[in-house]
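Chains as they are written, first to last, in the working numbering: chain W, 1 to 521; chain E, 522 to 799; chain V, 800 to 1129; chain A, 1130 to 1465.
Mixed in with the good hints, there may be bad ones.
[Said to hold, decoys possible] Capping the alpha-carbon separation at 30 Å, the derived lysine-lysine pairs in DSBU-like fashion look like this: (1) W/Lys133 with W/Lys145; (2) E/Lys527 with V/Lys860; (3) V/Lys860 with V/Lys931; (4) W/Lys284 with W/Lys163; (5) E/Lys758 with W/Lys361; (6) V/Lys860 with V/Lys811; (7) W/Lys284 with W/Lys343; (8) E/Lys527 with V/Lys931; (9) E/Lys526 with V/Lys925; (10) W/Lys343 with W/Lys361; (11) V/Lys811 with V/Lys832; (12) W/Lys504 with W/Lys88; (13) V/Lys938 with V/Lys925; (14) V/Lys860 with V/Lys925; (15) E/Lys526 with V/Lys811; (16) V/Lys832 with V/Lys925; (17) E/Lys758 with W/Lys504; (18) W/Lys88 with W/Lys133.
No lab work stands behind these hints, which were simulated from the structure alone.
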Amino acid sequence: MKFRQFLLAATTCLAGSMVHAQSTIVWGESTPKGLDPHVVYDVPMQLFMLNAYDGLYRYVGNPPELTAWLADSHTVSEDGLTWDFTLKPGITFTDGTPMTADDVVYSFQRLLELGQGPSGGLTPVLQPENVSKVDDLTTRFVLDKPYAPFLAVIPLVSILNSKVVMEHEVDGDKGTAWLASHQAGSGAYILDPETYKPLENVDFARNENHFYGWDDNPNPVDVVHVPTISENSTRILSLLRGDIDSTDGYLGADHTAQIEGSDNAHVQRDESMRIMVIRMNNQKAPFDNVDFRKCISYAFNYSGFIDVILGGQVARNVGPLPGNLWGVPEDVAGYSFDMDKAKEHCDAAREAGVEMDRDMKIHIQAHLDQTTQVAQLMQQGMDELGLSLEIVGDTWANVTSSTASVDTTPDMWIHWVSTYFVDPENWIGQMYDSQFHGTWKASSWYTNPEVDTLLRQAREETEQAARAELYKDAYRIIVDEAADVWIYNTVAQRGLSNRIENFKFSPVGSGADFRWISVSD
Amino acid sequence: MLMLKKFLRDVPAVLGLLIVVIAVILALFPGLLVDNVDRVNRGDILQRLKPPSPDLPFGSDDLGRNIFDRVVMGTRSALTISTLVVSLSMIVGVPLGLIAGYRSGWVSSAIMRVTDVFLAVPQLILAIAIAQILGRGATSAMIALAVTYWPFFTRTVYAETQKIRASLFVEALEGYGASTTRIMLFHILPNVAAPVIVRATVGMGFVILTAAVLGFLGVGAVPPAPDWGLQISEGRKYLPVHWWYATFPGLAILFLVLGFNLLGDGLRDLVDPRLRRS
Amino acid sequence: MSDDILSVRDLKLSVKGDAGLAQILDHVDFAVKPGEVMGLVGESGCGKSTLIRTILGLPPKGARIDSGTVAFRGRNLLDPKEAQQIRGREIGFIPQDPFQAFNPVFTVGAQILEILRWSGLPDDPKGARYDKSLRARHKARLIEVLRAVQIPDPEEALDRYPHQFSGGQRQRILIAGALATRPSLILADEPTTALDVTTQMQILRLLRELAADYNVAMLFVTHDFGVVAQICDRVSVMYAGQTVETGTTPQIIDGPRHPYTGMLMACHPERSTEITGIPGQVSSPLTPPPGCRFAPRCPRATEACTSARPGLLNSRDGRQLACVHEEEFA
Amino acid sequence: MLLFLIRRLILIIPVLLGLLLLTFLMLRLGGNDPAAAIAGDNATPEMIERIREDLGLNDPLPVQFWDYLVRAAHGDFGVSAYSQRPVGIDILDRLPATLELTIVALVLASVLGITFGALAGIWRNSIFDHTVRVVSVAGLATASFWFAIMLQLVFSMGLEILPLRGRLPTGWTPPPDITGLYLVDSLVTGQFATFWYAFLHLVMPAVTISLGGIATIARFTRSAVVAAMHSEYAAYEQAVGYPRRRILMPYVLRNSLVTPVTQIGLLFGAFVSSAVAVESVFDWPGLGSYLVEAIFTSDFNAVLAVTLVIGAIYGVVNILVDMTQGLLDPRVAETM
């Protein structure tokens, strides 16, 4: 007891010198792998992109609203091919350089030429040479063909400070080496490159000259520390002890209870757009049989998983679009846990001569609990049907590289599809159009010419109501054919310290847009 | 007989033997303690994360499975992996050590240089890399461990063989016209058996520990296997509230490895009095 | 009697071990006079080593003195405190195996100076702290003795490690260590056994000369009558923990009276430490035979030999003998 | 001695080359595609193919290996797929954390191991001796990552007297980067609060890693002390009047150190191994957790370079151990 008192005394005594500067917060979320927003394109990247960079448009709020951001406005030609974006006047980068259309042109061309990161959404319709400067503030894009989600993917493209990036170009790398650990943007927060240590820490300081101004936020956060904390339980304990101000947004039921009992932290719940799905390789027997896939779809204990393991804190999502997005047909009930129906369908498949006695494999992302739990429930269900399912521990990097061809794609694997941009294209479009075969999003290798046609029409149609109908038709077919096992749509659950106010969730970036946050002390 | 008497007087070694024997019995007949061996991966999801009680001596895990049953079943997986790894390493390592120690010239130095390379980096690091490349799973972990463990046997056997080779009786046999294979098999091998057995016993403990690390890091056994390392890594996420989940599998590792180490120490004392403890 | 420098009288010692009580020494009795070299002869296992350690005040663990005295100039060596004062300082010691006796990781100089540090020199200033000047005195003395034992370049030798010397040289250094403190008695525990024959000769000669030059008495333990003949003035023979015969060297060599002495001399072992020439084995100290311990192996043994232990009796010519057949030799 | 040093250093090179070749072959022949790892999420097959071409992954293996060696010889270990930064920089960032951890653990293991071992040897068969023996056998049987978690459970989560993770409190500014070792840097610059925090953060990881080491060193020290105390020279030292205290220290002890010191070299490997898991448990930003992450993200350049660095450190530590042995034992020194 004495020793503890001594330690505590010593610690408090020293902590006296620490005094949190007026508004410093510690954000316990993962940082991206590499900081170049044109190269890296994953969920943690959103945190960096939203704070260090700006796009012409930005998603704000929930449901996400596509808001003109750097751009003042835009125009589209009749044929839907020519898009003009005009910048707001007087915007400067963090180094004080004024932003012009040259920077916009440079940024889009750089992204398309690098062909990495978020370029996948643009390359099919936009060639680098078709991005051009009209005047100092206006940039023109000429698409190869009409592309409805074009505006929806615009927020993915960060506008870089072309002068700074070109200064750091080495051997024609377009500055990628330098930008991997530096910032060249106009964002509301400025990266301190000295503190950037991958997988360890990164610090941000507020950009007082951000173009949006700070009038909306009387108590903005001045400094943000983002340490890497690998384990969720550690993150939660750190929050409870006041070491950090936020966990990530993926807390489970076991954890929220712990936070809710605390005096200095709370849980914020927001309906998100991130669906969990068990993929099935539709071109590998026996998964090439509709009855077999239906059998599997009925053999998963949805309510056991959602209500018991996840404590009922997420919403069942029966098909390949988040239930809270447009384009979802109201009349599709989807599959439920029903072993009788499962048996029926498996018997039907057997009668049709489907060989289902082999050892099937389900790949999990070993360090994500939920994938393990889902796999084990799936295994229990299939076991009751006399089907053998083996669980294979795997990693994101490895599975996604194995989905490049049918043969190497696993029988089944588990993942989420998060919101990269808010358009059905982000989910159903890129998941089930056969033209995306070979990417992880289309790893079911689902092929149905009718669905292809519907999805392609929806991509070119510019009228949202008409698009919605096309997506609904495709959705019905895909669910009916049980292309995959869709489980739930995420409700983001984030532990926040009580100092944090005005946390604004958005499915894009999970609300890690620091500029809205206020701190009370 | 004398050896046995001496061994029986060594209380810790006998304790070690006892632990190992109990573990082997449990691995072969887990039904002695586990009600339904086939359902050890099944859980009642409504009973998840219950603290230890008479019904659930070690509590239940996040899928409502009986941790006690899974810890008992883990004995089998730990012993299987370690036995196979140690045997595989011996099959590769002992002959190589014999050859390298008996022959001289480039064969011998080639073998020993390769051994050096394998020993130039900590075992666990090589094992993780290999296991990851082979794809996760208990089999890959086993191969990875065997690939990194054989050099220890080669080293041990090499040193002993060289000693024996220098001795008079081998020269005599050679003069006698005995074939190399014969000398190696019937005269040298029995003489290196003792250190190899000691190495193997201690190696069992070492392999169990390393396999647990692989399981913990996610490159070893995969769910739902009742692997101890894996259970600790799963249980860790439920600390500190559900403390029992991560605690008991770790204790199981501790006991089994302790058993092998005590036994190994006892055997070492018997065959190699130079390192005697007291 | 009073002029004896070392006297061991009727010493009986037993050691309690795992297997029971072992009577290691049984009525050992001899004395060393100033300046003389006294030989102590016996097979290995006869209790010589225990005897030496007891004389040094370091009886083996579990030892019990059943009777008798061990005195150095009348001071009781069985008292540990007294013994601590005497050993090293007034009794020098030469160990058996020069290869094992040195601590391999310290220089020989450091190790021998350590003896001087704790024992001091008789002419050291009284109560002086161990400082540089005292150390320098000791070093000078050590170099002097090293020269006496014919170590070439002694100044430089001090800074060398044991393994850099040959066995003979190491033994010389150990002899120097025993002489350095100007003791009046040196205990030499088979100091030549571990050496080859040529070196043995040189070392024996050296010891002989040094004993005379420095006028120091020596108790020389050995199992080899050849050695005895070369160096000892008088000899005491031990068998299985008992003193069986004592006399001057010529007396014993020319006319051994105890059957054991005669047989031991007949074997004349050169290097081996085991006496193969005598049938039978040394009796176990756990179950010593009643009476004369040599009786089971003695060709002349009679019933009288096994009934009672023969006392060690003085004879007219100054010899002592413990044998019931004594009168036959008279 | 210098010649010995140079000769030994040169001898490391072929071993390291072999190690590189081994790791290189394993990584390339394994199924994972480094190009896919670099391309990341949402990459199309065309993107991956282009990266593969850029990286020369379509060249024959010997060409690839040679290219790698040439670049590595110039200090260029390639770019990490994870951080997109040069691997060399990542390693330099992370190495000090691991060094600080293992050095502190090594010191802890040596001091405690030798003290406990020596006392157990001196007081042979006492209660203390038996306790040390039981604890050290148990220490060697404990899975370090589990022990780490248990320490967290008790001292961070339960008693709340030690920090849970990291090298410093989150948001606390690290000391100026002089050596990269926080304890040293904070002391040199007089930042005592930082020193105290760095120390508190080190306690559990270092104790965990040193656990097996304490046990091993204690066991070897004990048997060496027992052997030395029963040696002829100890008997001689006693017979010529050294006081008992003096025989133990330094004569017996110094002799007894030779064997444990050899063990320290072997232990270093064990320490690095347990650092891999322990760093992950404590979020310790060192090479171990970096390696785990690199392996999981198929970051081949990083894996190769870390293996090489660990191999090199391992080699150097073994040379240092041999030299220390030379200092302790003149007979060894003579063979150098």
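Status of the hints after comparison with the structure:
1. W/Lys133 with W/Lys145: 20 Å, holds
2. E/Lys527 with V/Lys860: 23 Å, holds
3. V/Lys860 with V/Lys931: Measuring from Cα to Cα gives roughly 37 Å; hence the hint is violated.
4. W/Lys284 with W/Lys163: Given pair W/Lys284, W/Lys163 is violated - Cα atoms ~51 Å apart, limit 30 Å.
5. E/Lys758 with W/Lys361: Distance ~25 Å between E/Lys758 and W/Lys361 Cα, so the pair holds.
6. V/Lys860 with V/Lys811: It holds: about 16 Å lies between the C-alpha atoms, which stays within 30 Å.
7. W/Lys284 with W/Lys343: Roughly 21 Å between the alpha carbons, so the hint for W/Lys284 and W/Lys343 holds.
8. E/Lys527 with V/Lys931: 54 Å, violated
9. E/Lys526 with V/Lys925: 59 Å, violated
10. W/Lys343 with W/Lys361: Roughly 20 Å separates the two Cα atoms, so the pair holds.
11. V/Lys811 with V/Lys832: 22 Å, holds
12. W/Lys504 with W/Lys88: 24 Å, holds
13. V/Lys938 with V/Lys925: This hinted pair holds, its Cα atoms lying about 18 Å apart.
14. V/Lys860 with V/Lys925: 35 Å, violated
15. E/Lys526 with V/Lys811: 35 Å, violated
16. V/Lys832 with V/Lys925: Holds, at about 29 Å.
17. E/Lys758 with W/Lys504: 28 Å, holds
18. W/Lys88 with W/Lys133: Holds: W/Lys88 and W/Lys133 sit about 15 Å apart, inside 30 Å.
In terms of the numbered hints stated before, the structure departs from hints 3, 4, 8, 9, 14 and 15, listed from lowest to highest.
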